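Asker: Put together the whole structure using the sequences plus the hints.
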Amino acid sequence: MRKLNILLGILLSGIGTTVFAQGQFDLLQIPARTSGIANTSIITNITKQQDKILAVGERGHILMWSDMDNWQQQSVPVSLTLTDSTTLKDGTRFAVGHDSIILKSAPQSNSWTKVFDGNELTKLKIIYIGKKIVAFQQRLEELTDEDEIAELEFNIEDLEFNLEDAQIELKDGPNKPLLSITASDNNHLFAVGAYGTMLTSDDLGSSWRLIDGQIKNPNQYHLNSIITADNGSVYIVGENGIGFSSDNNGRTWQTMDMPYDGSLFGIASKKDSLVAFGLQGNFMVSNDNGASWEASNIGSSASLLGGVIADDMTVSLVGHAGIIVRFNVNDISNMSLNRHPSSAVFSSVLIRDNSLVLAGQFGMTTWLVK
Numbered sequence: 001m002r003k004l005n006i007l008l009g010i011l012l013s014g015i016g017t018t019v020f021a022q023g024q025f026d027l028l029q030i031p032a033r034t035s036g037i038a039n040t041s042i043i044t045n046i047t048k049q050q051d052k053i054l055a056v057g058e059r060g061h062i063l064m065w066s067d068m069d070n071w072q073q074q075s076v077p078v079s080l081t082l083t084d085s086t087t088l089k090d091g092t093r094f095a096v097g098h099d100s101i102i103l104k105s106a107p108q109s110n111s112w113t114k115v116f117d118g119n120e121l122t123k124l125k126i127i128y129i130g131k132k133i134v135a136f137q138q139r140l141e142e143l144t145d146e147d148e149i150a151e152l153e154f155n156i157e158d159l160e161f162n163l164e165d166a167q168i169e170l171k172d173g174p175n176k177p178l179l180s181i182t183a184s185d186n187n188h189l190f191a192v193g194a195y196g197t198m199l200t201s202d203d204l205g206s207s208w209r210l211i212d213g214q215i216k217n218p219n220q221y222h223l224n225s226i227i228t229a230d231n232g233s234v235y236i237v238g239e240n241g242i243g244f245s246s247d248n249n250g251r252t253w254q255t256m257d258m259p260y261d262g263s264l265f266g267i268a269s270k271k272d273s274l275v276a277f278g279l280q281g282n283f284m285v286s287n288d289n290g291a292s293w294e295a296s297n298i299g300s301s302a303s304l305l306g307g308v309i310a311d312d313m314t315v316s317l318v319g320h321a322g323i324i325v326r327f328n329v330n331d332i333s334n335m336s337l338n339r340h341p342s343s344a345v346f347s348s349v350l351i352r353d354n355s356l357v358l359a360g361q362f363g364m365t366t367w368l369v370k
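To convert, note that position 49 of the sequence shown is 49 in full-length UniProt numbering; the numbers rise steadily by one, no gaps.
No wet-lab data here; the hints were simulated from the structure. Among the clues, some could well be false.
What follows is a list of derived Cβ distance ranges for each label pair [stated by the list, open to error]:
{"#": "1", "residue 1": "Gly173", "residue 2": "Gly36", "range": "27 to 35 Å"}
{"#": "2", "residue 1": "Lys131", "residue 2": "Ala295", "range": "35 to 43 Å"}
{"#": "3", "residue 1": "Gln167", "residue 2": "Pro341", "range": "46 to 54 Å"}
{"#": "4", "residue 1": "Phe161", "residue 2": "Asp331", "range": "44 to 52 Å"}
{"#": "5", "residue 1": "Ile37", "residue 2": "Asn334", "range": "20 to 28 Å"}
Here are the simulated lysine to aspartate or glutamate pairs, EDC-like style, with alpha carbons at most 16 Å apart [stated by the list, open to error]:
{"#": "6", "residue 1": "Lys176", "residue 2": "Asp67"}
{"#": "7", "residue 1": "Lys270", "residue 2": "Asp230"}
{"#": "8", "residue 1": "Lys48", "residue 2": "Asp67"}
All values reported here derive from a predicted model rather than from experimental measurement. No residue lacks a Cβ here, since even glycine has one placed at the ideal position from N, Cα and C.
Answerer: Below is the structure:
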């Protein structure tokens with residue numbers, strides 16, 4: 001089985017941390033513990049909440065953060081690592097994470113409820129794979145070309161292996177993380193994750209549908225990040241340099257021609273511009289809503305895990321070894337490269353006033369923009 005090359009795996013590499021053993025604890029059933037130092041634990045993602053910041057991270061930690069001295073841990077029913085969050089226009093919030101957990105919180109609430117997990121995902125996958133096998137077998141009966149028959153028989157065999165894996169997973173418990181979630185303009189939710197997993201909900205998270213087959217991802221590459229841009233389009237990037245876009249709230253998806261075939265861990269947007277970033281300092285910029293891309297590199301092997309674009313179109317990217325990279329989308333050659341004195345791994349970044357808010361290995365911190 002292909003090695004799971006996901007953002008959190010990179011974030012945790014080389015970090016000494018205590019991890020619950022899935023074989024000993026069912027983290028889906030253990031509420032997150034209240035901790036007075038949760039703000040210094042691993043934070044994987046941060047998003048703006050008016051004048052505050054919503055932070056999610058390891059051990060089921062969800063924080064409403066005002067500054068270094070003012071934050072509140074929220075009540076969460078699981079102890080799993082959480083990877084991303086999104087907020088609807090009415091203030092309803094969703095978070096995703098390991099074991100394909102999806103959590104929901106009402107506007108202004110300090111508590112979260114579980115609305116989906118990997119057990120349900122496995123059942124959806126079993127149904128989805130079973131239907132594909134039946135459809136392929138029916139098509140096989142109609143074919144006469146030997147090459148086409150051989151190819152379809154290979155595909156059926158591959159699906160049967162996938163079905164067997166899913167049935168084992170149903171017995172042993174979920175193991176696939178969801179890595180990112182977004183809401184489109186009409187409150188349509190999309191969640192993506194490992195092995196090409198893609199889910200959607202059009203009823204505010206009450207029910208979820210598996211839509212892996214809507215994008216061209218036959219190798220089931222990991223989908224690491226999904227965002228909704230200012231123009232309402234939805235963008236996905238992932239493993240092996242794959243990228244997809246939809247300009248109709250996910251009814252159809254187009255494959256983007258990305259100029260890099262390594263893993264992309266994130267994508268940021270502002271106006272008509274996009275910046276995708278990933279392994280070993282590689283990033284690419286589009287100023288036409290993803291129609292074309294210009295590839296570049298920061299000149300360092302540090303992987304880039306988080307990014308944001310300011311109103312003045314200045315890009316800030318963060319990643320391994322405390323790396324902080326800044327440039328304008330219209331002039332990527334004029335780049336500043338700094339390192340935070342902590343040399344921490346940063347996985348997410350936001351802009352607040354004249355500072356960057358950084359999240360990652362040691363929790364939350366700020367960086368004055370010079």
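Asker: Against this structure, judge whether each hint is valid.
Answerer: These are the hints, each one checked on the structure:
Between Gly173 and Gly36, the C-beta spacing of about 31 Å keeps the proposed range 27 to 35 Å intact. Taking the beta carbon of each, Lys131 and Ala295 are about 39 Å apart, inside 35 to 43 Å as hinted. For the pair Gln167 and Pro341, the supplied restraint of 46 to 54 Å holds, since their beta-carbon distance comes to about 50 Å. Distance hint for Phe161 and Asp331: a CB-CB separation of about 49 Å, consistent with the stated range 44 to 52 Å.
Distance hint check: the CB atoms of Ile37 and Asn334 are about 40 Å apart, inconsistent with the given range 20 to 28 Å. A hinted pair counts as satisfied when its Cα atoms are at most 16 Å apart, and Lys176 with Asp67 does not qualify at roughly 33 Å. With a CA separation close to 6 Å, the supplied pair Lys270 and Asp230 stays within the 16 Å bound. Only pairs whose Cα atoms come within 16 Å are accepted, and Lys48 paired with Asp67 is accepted, the gap being roughly 13 Å.
When held up to the earlier numbered hints, the structure conflicts with 5 and 6 and fits the remainder.
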